[in-house]
Amino acid sequence: MLFGRFLLRAWGFVLLVVFSCFVFLGAGAVSDALLIGQVSVNMPEVTVYFDLPDAVDIGELSVEARLGGELLTAVSLQSFEDSGEGVWYVFAVDCSTSMTAQQIDAIRSAITDTAERMGSGSRVTLITFGLTVDVLVDLSGDIGEITEAAAALRANQNGTLFYDALIKVLDLGEKYAGGIPERREAFVFSDAEDYNVGGYIKEEVEARLESSSIAIRAIGLNNNTRAALDAFGAMARLSGGSIDVVTHNTLRETVNARADSISSGYIARFSARTNIASGNKEEFALVVTHGDESYRAETSLVPSRWIPDLVPPHVVSAEQTASSTISILFSEPMLGADSPGSFRVEYESGDLLALRAVSYDEASHKATITLAEQPLSGRITISFPGITDASMEKNALSEPVIIDFSGAEPTPPAASSHPPVLPTVPSDPLAEEADGGALSPAVWLIGSLAIALIVLGVAFGVIKSRGGLVRVDGKLRFAGSGDARQEVIVSEESVEAVQYQFITAKPPELNLRVIDGSGNTKDLSLPVSGSLFVGRGKGNDLVFDDPRMSRQHFVIEATAAGFSIQNLSDSSATYLNGVPLAAPRPLLQGDKINAGDITFVVLAQP
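Sequence positions in the sequence shown follow the working numbering and run 342 to 947.
A few of these clues could be false.
Subject to a maximum C-alpha distance of 20 Å in a straight line, what follows is the list of computed EDC-like cross-link-like pairs (lysine to aspartate or glutamate) [stated by the list, open to error]:
#1 K516 / E426
#2 K735 / E386
#3 K735 / D650
#4 K516 / E551
#5 K622 / D864
#6 K622 / E545
#7 K509 / E534
#8 K509 / E457
#9 K863 / D938
#10 K735 / E673
#11 K622 / D911
#12 K735 / D702
#13 K735 / D882
#14 K735 / D679
#15 K509 / D475
#16 K933 / D864
#17 K509 / D887
#18 K543 / D505
#19 K516 / E457
#20 K622 / E534
#21 K863 / D887
#22 K863 / D932
#23 K516 / D887
#24 K735 / E714
#25 K622 / E515
#26 K933 / D887
#27 K933 / E850
#28 K516 / D475
#29 K622 / D512
#30 K879 / D650
#31 K543 / D571
#32 K863 / D882
#33 K863 / D911
#34 K707 / E750
#35 K543 / D512
#36 K933 / E898
#37 K622 / E551
For each label pair, taking beta carbons as the anchor points, the in silico distance ranges come out as [what the hints assert, rightly or not]:
#38 G880 / I542: 22 to 32 Å
#39 Q419 / S619: 33 to 43 Å
#40 A493 / S619: 37 to 47 Å
It should be emphasised that the hints constitute simulated quantities derived from the structure, not laboratory data. Backbone N, C-alpha and C define an ideal beta-carbon position, used for all residues, glycine too.
Construct the entire structure; sequences and hints are all you get.
Shown next as structure tokens:
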């Protein structure tokens, strides 16, 4: 019996090996050796920096990527060395007394090595943290300045603002502007001991790391508990990074090896279908194939940047495809093209044609309209009141198209053998005497005045129901038209300057001073009719292009006593005078509101 069981298990093992070999030969091997160094997303452009275990001729590689389930279009693949790009190295060094002099010396050597070997386009930012978080050099390409700052490092601070330091790394490492390298590496040297009092807490840091566009390379020094280093590694992996636990003897070698892997790595560029940046956490998967060998790696990220779409869509072609069917090909992906209410089909006379159904194929950008009945032959105009392109800007499709439709012919009236009988009207001698039967001028005047009074009464009622008329930018508008949206936009081209667009049909009621992350200010007068919603999403009354803001961050309510504020974000706090909001609070002159990277100061009200 035992021998029989042995034979059965052995046979099962053989089948498993044979099946595994079959899968290997049929589908290729999948390896975990692929390392994603960074995914830079500026929708619709997606750039991936990756490294393979062995150097491979670029011509022998093929790449494939998916973002949020969408298969991206491969644009280019090249080695990082051939690209001529630079690297932005962000070093954050723990200078608390828990670090040893030997460890600080090894960190100095690693930073100096990096500065001496970096290319002309590379930059270095050096941060120290202990009782305070300080930036010694920022985006410097001067080797002398970098090595001098590294030489000044000392372990002499009695405390560690570890979490505050991680937030500072993320804040600095997420700057995007001209002259700043897209490729970036953030090294944090620490034993992960934290003495925060009133600063950032672990949960806040983890939320930022999950949505971060820069990966943390944790260099853990084993001076503290294993649990602290485990937590350090977990936070690094949240950002898409990793941890290396080192000694003072292996630290320099570890950092140099990581820097070398960048120059020996590759850059793959992809394009998404649209420039829509969801602002939500999405999965990214990369597959690199070399012959029969496939390497796969996955990470998660939050798309929050996009390239503005300034080109409106258009209709490539519109044609009749059946007796009551029209096919329309658009120049790009569209929104609303699957709804009958988004199309208006009419004859030259202006008579509308009813629609039976509308379908839209996203892959080909083609809509098919089925009319409720076969129309008459002639010219048909199609307009698109409910259609925009699939972009962050939602550009409208405003130009109609005209087609010559071949349909049913008009039915002529039935022939009759008898002439039509015209109705007779009794003659009115008095009317015939008055100017050949025409109405008298007095009757015309009275009738015209009556009609004018009716029209004026209706117009007055409409204006009153809409809140009256106000003059805005030289034009009359209904005061209650609802066009009282305010939008503050930090421009993509210059994130340092607060820019704004203010449209209102209400007199100003709330005065705020808006201060961006660089200290630039703009004073705004904002009408608050009931509620003023503030956040990153386009549906708010006040919109900020700030990745640290939630889509709907907080709301200001108009009350009989003045104004009150309430936090709406589940992931990010709203601070009133430095205190997180847990319940609605009244707003007073001089109050300071913090949300994301934006600060609001309540000014004197009119």
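Inset, instruction - Compare the structure with the hints numbered earlier in the document and write down the numbers of the violated ones, lowest to highest. - result: Failing hints, ascending: 5, 8, 19, 20, 24, 33, 34, 39.
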